[in-house]
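So the sequence shown is residues 456 to 837, counted in our numbering.
Keep in mind the hints are simulated off the structure, nothing from the lab.
Honestly, I wouldn't trust all of these hints.
Unchecked claim - For lysine-lysine, the following DSS-like pairs were computed, each having C-alpha atoms within a straight-line distance of at most 27 angstroms:
#1 Lys719 x Lys683
#2 Lys543 x Lys683
#3 Lys720 x Lys683
To be verified - Computed Cβ-Cβ distance ranges for the label pairs, DEER-style:
#4 Arg572 x Leu474: 15 to 25 angstroms
#5 Ala600 x Ser724: 21 to 31 angstroms
#6 Arg777 x Trp547: 40 to 50 angstroms
Since the structure is predicted, the reported quantities are computational estimates derived from the model, not experimental observations.
For each residue, glycine too, the CB sits at the ideal point set by N, CA and C.
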Amino acid sequence: MDMRTLLVERACLLTFCTLLVLVNVREHRGMPGLRWFAASNVNYFVGGVLIASREHIPIWASVVLANFLYSMGYVFLHRCLSEFFSQKPVYWWAQCSVAALSLGQCIYFTLIHPNIRYRLATIGLATGLQFAICALVAFHAKQAAMRNAAIGMGSVLAFSAALNFARVAMTLVWGTTTSYLHADQIQTTVVMLNTMVFVAIDIAFVWMVATMLRNELQTQAMTDPLTKVLNRRALVPMVERAVVRSRQTGQPLSAIAIDLDDFKKINDSRGHRAGDVTLVDTTRCLEAGLRASDSIARVGGDEFVIVLPNCSRSCAREIAERLRATLESRRIMVDEDYVQIRASFGVATLEEFMTDWEGLIAECDRALYTAKSVGGNLVHAA
């Protein structure tokens, strides 16, 4: 396949990919890095069209401007990955410096001292470095849930970097023809593989977006939207795992059921906004009094469950009493007035007769009912 056909094919593929990305920008406006990724695809598309039109437009546009657009596309890709993975742009200046050097050498070997062999070699070197820097950003992604998608993107970028470095060596050793549109087998093969790389980058990014959306949906399904702690759906598998781990290790497992006393009066007298503010403040207060290994879930309107791994009944009771006293002394500001909250606590510890997690939670509920039946604002251990 001749070089012109390859360049036209690349332009067509980049057109399709660019339109696909722009549609995604419209559908997922809040997705981090998506606009930068769209900008990089637009640059590749325009650059590809300019290169394919080499015989019909000035050389400064078909070579210098086209390669500069590609180089800036890699800069935008770098910024996209940094935002997507919530990283500081630690390699940002290196990326921009390589882009500036790429533009300078392209101007020099195209307009000032024309030499297609050195121009292609230096473009390959700069492109390889830019892809390598982008790959580092992907490989350094810290989110465990995004790890596989990040490795996929990083692998594609690393392959492209290696391909362009190989292009440099082959161009300098075996040379090239004097016309890019009638280039030798080396350049033709590189263009073909680079076209595949651009498509692979888009596929890898779609994988990343799909993974992030799936994680967000899973988080929403397992998180209480008001207090941002676990919900009842998330509590069940979490307690199941804790029970299995306790049986295997022999470490005690305790749980605390909490119910806010007279919470309905706050909603009735001050409105639901006051109730929401009270629930959020109460949740933050409870979280602050827990250990790093403990978990809290909102399981009802004003009901919470705390799971305490490696915690005996006496230890759990001490924690519950400390939380109760903290809530009792707390004053919550709502609309220039204060709300005081009190709560009842039911404490239980996993016993041999409890066959599953439901037994532990049931014991907590029974202890909680006892605490509320004698007036509330009390800790009772089963």
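### Query
Taking 21 to 31 angstroms as the hint, is the beta-carbon distance of Ala600 and Ser724 inside that range?
violated, 43 angstroms
### Supplied distance hint 15 to 25 angstroms, evaluated on CB atoms of Arg572 and Leu474
violated, 36 angstroms
### Query
Holds or violated: Lys719 with Lys683, Cα cutoff 27 angstroms?
Satisfied, since the Cα-Cα distance of roughly 21 angstroms is no more than 27 angstroms.
### Task
Please test the hint of 40 to 50 angstroms on the beta carbon pair from Arg777 and Trp547.
holds, 47 angstroms
### Query
Going straight from one Cα to the other, do Lys543 and Lys683 come out at no more than 27 angstroms?
This hinted pair holds, its Cα atoms lying about 26 angstroms apart.
### Pair hint Lys720 and Lys683, alpha-carbon separation not exceeding 27 angstroms
holds, 24 angstroms
Consistency with the previously given hints fails for numbers 4, 5, ordered from lowest to highest.
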